[in-house]
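Engineer: Chains as they are written, first to last, in my numbering: chain A, 618 to 1262; chain B, 70 to 280.
If you are wondering where the hints come from, they were derived from the structure by calculation, not from laboratory data. Glycine included, each C-beta is placed from N, C-alpha and C at the ideal position. Hints are not guaranteed to be accurate.
Output of the computed footprint for chain A on chain B, the stretches with three or more beta carbons under 8 Å from beta carbons of chain A [what the hints assert, rightly or not]:
| id | segment |
| --- | --- |
| 1 | 178 to 190 |
| 2 | 205 to 213 |
| 3 | 226 to 239 |
Each chain, letter by letter, is given below.
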Amino acid sequence: MSLFRQLMLAVALSTLLSFMGSAVVSLLSSRHYLEQQLILKNEDNASALALLITQQSKDPVTIELYVAALFDNGHYELILVRDPKGKAIVERQSPPDTGDAPAWFTRLLPIKPTPGHAQISDGWKQYGTIELRSQSKFAYGELWQGATSMAGWLLLAGAISGWIAAMILRRLREPLGRVVDQARAICERRFSTIEEPKVPELKQLAFAMNTMVGRLKTMFEEEAARLEAVRREVNYDLVSGFANRMFFFSQFSNLLNKSDESAHHGSLLLLRIVDLAAINKRLGRVDTDKFLKILANSIETSIESHAGRYARDKRLIGRLNGTDIAVALPGYEDAEVLANEMLQSITSNLSHLSDGATVVRISFIDYLQGQEAGPLMGQLDRALAEIEASGEEKPRRAAAGGEQRTTSAQWAQQLGMAIENGWLRLVGLPVVGFGNKKLLHQECPLRMRFVEEGEWQTAGKFLPMATRLQMTADLDIAAVRLAANQLAADPNSPDLAVNLSGESLQSEPFRKKMRELMQGNAAHCNRLWLEVSESSAFANLDAFRAFRKDLMGFKCHIGIEHFGREFSRIGVLHDLGLHYLKVDGSFINDIDTQSGNQAFLEGLCQIAHNIGLLVIAEGVKRPEELAMLPKLGFDGATGPAIPRE
Amino acid sequence: MLSFSLANAVGFDANKLLKTITQRYGAPSEQKFRDWQKLSADMEKIDDQDQQIKKVNDFWNRRLQFMEDKEAWGESDYWATPMESLGHGKGDCEDFAIAKYFTLLSAGMDVSQLRLIYVKAKMGGAASNITQAHMVLAYYSDPEAEPQILDNLLGDIRPASRRQDLTPVFSFNSQGIWGGVSASGSAGSTSTKRLSRWEELLARAHTEGFE
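Turn these sequences into a full structure, and let the hints guide you.
Structural biologist: The structure is reproduced here in structure tokens:
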């Protein structure tokens, strides 16, 4: 029985008992009073009648008349006159009558007054004795009426006190409910704090739980910070803050390979610092570090102000060696403008340290997915050499990109047509589990064709443009609908995972459509996994939080993909109640040999497990990598090394 | 009649009565109580009821000094129990009649043979014009017989026909009441205030030790 039921029952019982008690006491005292009054009446009336008859002549007719006259006013049960030997002279008796009161009531509370006695004398002689008993039906009637009206009042009072008790309990229920919700959330590894209730006991409980949640949060954050440091040390250049050579190439190779996830083309820039050794010698180590930081900052600022949102979010910057810095901008097309701007910005920002000498040389190239990183770098290298040879400063294009461009208006038309005509489908890439469940779900990237019966195009081909044209929400809804339909149609279908873009989350119509979609598919949405990339989730954190809240009532799984770079902010994610993380392929690359990343990922898995998240590795390319993952604590994996069914 | 006499039989708890009287009237009253107890004991040896009433009449007429209630008790009309009268040694006509009534009842006389009677008394003889409210005890050798009158105004007991100075008005006894009074336990538990003067007296007598 729940706490509230028990409290309610206790209140009801105690109210009932106290009311019953007072009712019984009051009835008993009323009965006693009525009985006493009847005894007095019996005595008085017997005496009065005896006194009257004593004074009169004693013929039987007169006596009978007196007795009858008194008896016939109806208030008597018995009037009996006996002679001194006990023989009845006159007797008047009416059957016992309990009046309005029901029989059970008179049995329960009998009124039994003693009869009245008085002596009649005739001169000096004894004439007889009077015995007189009053009717008790009036007393019963009175008692019964009292009992019923009291029952009525007590019922009313009981109802009112019950209502008040219910109000008080309801007041208690809300804060208690919050505490219980918090406890439940903690069980689900969501560590949220609640407002402390006013009720002192609950306040203490809430305070204790809030404190515990706070400690856990701090603990996770400290652990996350420690791992973040490890990660940076392994993967980043400490002076510029850019990725190191190995990490950059690992990520860039992913860009070139992962046809479903990234833009199918983009720009690659290579910057070379001119004569760094001389600068180092001239400025000293400290100022050289400052020089490099200003340089790094100028590069970042130029990208921020020139590249589109998609390219900004997905950009890669790496310091390949002491002098070379590479910049990859997926989906970006205006490399020449950016390179010029970058050169100008760097030159002016570093003028005070460079004495007007040339600081950097920049070459750039458009790349396409499927190309190799090595040859691209080679072309850029040659272009830098050409600049140096020519003695110019102007950035140089390394080699022309191949493909013909499509304009924005054409794109918008093509995307619109594809969505309208349903030229969309999902493909299924298996995500295998290392535990009992062999197939966790299928990752379902969207495919689109631009003409009827045309070739199916990968997401990398249309997604950058859709992002720029703000059409991702429609695509995401279409993808989720396709997945939901498949789940509804086939109960044996594996779980399906659909990727949502950050731009969609910000769209209120999108979130409304998602809620409707989930409501329509509530029965099987427990087999639906929805994921948002790490960069999208953090760039649109409020929108993501609102989106998560929207889907709280549904059983679908929510996760973050391409996770890892923002690992230190895992603390921000923990109270969102997520279910899984997919760790970006750049961390998985060569994991079997990368001891630094192994330590990082092992720690990441531990923390994630602590807050109840599944951890899945992305972009697993080789069987050796796959074999390493369970040892680090991963729950599952996906990538080219996983055979498709 | 046998059933009546059983239901209305009056006995007493001698220790309780003694305790009551000595507590209230001190050590000297113990002798008075012993005398009364002896009277009761003697009476049981006498079969003749006429002898009995004479003994009782004489005992009380000698023991009690007549005095108005106002003087004796400080109240205008106070009905004293037998033990109060015995201890106090003073009383008016009711106190005489009541004391004789209880003594006779406790000696085993049936309640139907005794009645307390309000009478109108002509003071100084049948020819007198001065009348006074008075109370006497009437004894009926047989329920229908002419009663003998036990009175404090005269030393001897006379039949009613020889008491031309008294006119009976109303009579009563404890028949039908005593049982109720003694059954209701000590007088304190029921509210004596609501009982008649007679019933209140009966209740007090019951507390003193009459059963």
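Engineer: Against each hint, give a clear statement of whether it holds in the structure.
Structural biologist: Structure-based check of each hint:
no., hint, in the structure
1, 178 to 190, "holds (count 3)"
2, 205 to 213, "holds (count 4)"
3, 226 to 239, "holds (count 5)"
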